[in-house]
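Engineer: Sequence:
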Amino acid sequence: MRIRLALLTACLSLATALPAQAAATDTHLEGRLPSGAAYVMDVPASWNGTVLLYSHGYTPAGAPNPAQNTPGPAARDKLLAEGYALIGSSYATTGWAVTEAVPDQLATLDLFTQRFGAARRTLAWGTSYGGFVTTVLAERHAARFDGSLSMCGLVQGGVANWNSTLDPVFALRTLLAPGSGVPLADFTGQAEAVAAAKSLTSKVDAAQRTPEGRARIALAAALHNIPGHNDPAQPKPGPTDWETRQSHQYTAVRGLLQLPAFSWRQEAESRAGGNPSWNTGVDYGVMLARSPLYKEVTELYKEAGLSLRTDLTTLGRAPRISADPSAVRWMRDTSVLSGRLTDPQLNIHTTGDALIPVQAQSAYRRAATATGSAGLLRQAYVDGPGHCTFTTGETLAALRTLEHRLDTGRWDTSPGALNSRARAADPAAEPRYVPYRPAAYPRPYDLAHPGDTRP
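Mapped onto mature numbering (1 follows the signal peptide of the UniProt record, and there is no 0), the consecutive letters of the sequence shown carry residue numbers -22 to -1, 1 to 433.
Wrong hints could be hidden among the right ones.
Claimed, not checked - Once the Cα atoms are required to be at most 27 Å apart in a straight line, the calculated DSS-like pairs of lysine-lysine come out as:
#: 1; residue 1: K181; residue 2: K56
#: 2; residue 1: K176; residue 2: K273
#: 3; residue 1: K56; residue 2: K214
#: 4; residue 1: K214; residue 2: K280
Unchecked claim - Pairwise CB distance ranges, derived in the manner of DEER restraints:
#: 5; residue 1: P303; residue 2: T222; range: 21 to 31 Å
#: 6; residue 1: R187; residue 2: D390; range: 17 to 27 Å
#: 7; residue 1: G394; residue 2: A296; range: 11 to 21 Å
#: 8; residue 1: P189; residue 2: T258; range: 41 to 51 Å
#: 9; residue 1: A184; residue 2: P215; range: 15 to 25 Å
#: 10; residue 1: R99; residue 2: R232; range: 20 to 30 Å
#: 11; residue 1: E408; residue 2: R232; range: 28 to 38 Å
#: 12; residue 1: R307; residue 2: R98; range: 38 to 48 Å
#: 13; residue 1: A211; residue 2: P156; range: 47 to 57 Å
#: 14; residue 1: P270; residue 2: T291; range: 17 to 27 Å
Treat the hints as calculated values from the structure; they're not laboratory data.
The C-beta atom is built at its ideal place from N, Cα and C for all residues, glycine as well.
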């Protein structure tokens, strides 16, 4: 094995010693950064001068962590055929790895420049958690990039994300498992987090078998803005098919319990040095009234013969969870966005996202407007269920739209323009960009509004 690795390293060194303009064939490089992160680079022989730095999504602790340089093979093949250089790293660690992801991505870009020369244009792009990493790069290292594309990104930032993840599980514990003592934060380790997830999931599963339980699960889903059609495998419910919508939300709530709300939270807490989220001072009645799912919740409560007012009062009186101030500071310093852009950024999001609800885009629009960056930001929406379920055409259309802005100085993000570009990139798939305005994010927290929603 050591001999094989040595030969591979020697071959890579020989290949990368050649200047880019001398390469007669496409170049594929893999290796390790000093941090230990893996990197991957694909550079076509006819490189067009643009390099795309891709930031991948969240990788749970212990999961395989390969380097990635595109959202998928179809996009990779099309972009390489058009002459784009594609690069990206794995990040040195898994989990809430922003403190490793940002320097590793910059180191990958540095290595590319050393080996292939300076790019004519450098674009950052990424999906999901990688959309968040992309936006951190765009805000904090603007001099390195000409523009950025965040796809289904966690652009509400770290504090807002963990606060919003806390709200539904707090409601579930309070209404479905009162007195259970199931911990929701400040976990001693993964074992406690996994046990808590199992315990609360069992209560949710039992509740789903009764009308009263289903209404309360819908209430919890509304606090996280989990849509009633959130998976491409689900049948699309009618606008007032509350039963089917709730069933779809139940599935998403179980997914939230299985990983993000407990296991992933514990990993983030271990980095932050404590619990970085809270619900002290939160009025869940006001939050529900602002949710686009309010009507569904009220109808299900009526059908169940339950008093929504009583349950909201119970939530209001339940003992709250306080944050660790030092953990909030760590999350604020590493993982909260300012909204301050120097170069154009395009964000795209599916309307039926349960993991990172589309309302995250409202949070980032709010921050960008406060800092005077709204003119550099555009947001576009794909009418479809699921997290990051863009077609190849929709993805490439977004990239083309960002490039059009850089080439002309003008944004052209109308659904018609985006759909036209998507059809050109992938004629086999019908594009789904639509006019859309997401509701407000339930609990925004950003550097542009330092007095808002403090613990």
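Engineer: Evaluate each hint against the coordinates.
Structural biologist: Tested hints:
1. K181 - K56: violated (47 Å)
2. K176 - K273: It is violated: about 30 Å lies between the C-alpha atoms, which goes past 27 Å.
3. K56 - K214: Judged against 27 Å, a Cα distance of about 31 Å means the pair is violated.
4. K214 - K280: holds (23 Å)
5. P303 - T222: 21 to 31 Å: violated (43 Å)
6. R187 - D390: 17 to 27 Å: Once the Cβ atoms are compared, 51 Å apart, the range 17 to 27 Å for D390 and R187 is violated.
7. G394 - A296: 11 to 21 Å: violated (48 Å)
8. P189 - T258: 41 to 51 Å: At 32 Å between Cβs, range violated.
9. A184 - P215: 15 to 25 Å: Holds: the Cβ-Cβ distance is about 24 Å, inside 15 to 25 Å.
10. R99 - R232: 20 to 30 Å: violated (43 Å)
11. E408 - R232: 28 to 38 Å: Since the Cβ atoms of E408 and R232 sit about 31 Å apart, the hinted range of 28 to 38 Å holds.
12. R307 - R98: 38 to 48 Å: Roughly 40 Å apart at Cβ, these two residues keep to the hinted range, so it holds.
13. A211 - P156: 47 to 57 Å: Given range 47 to 57 Å: violated, Cβ gap about 34 Å.
14. P270 - T291: 17 to 27 Å: holds (23 Å)
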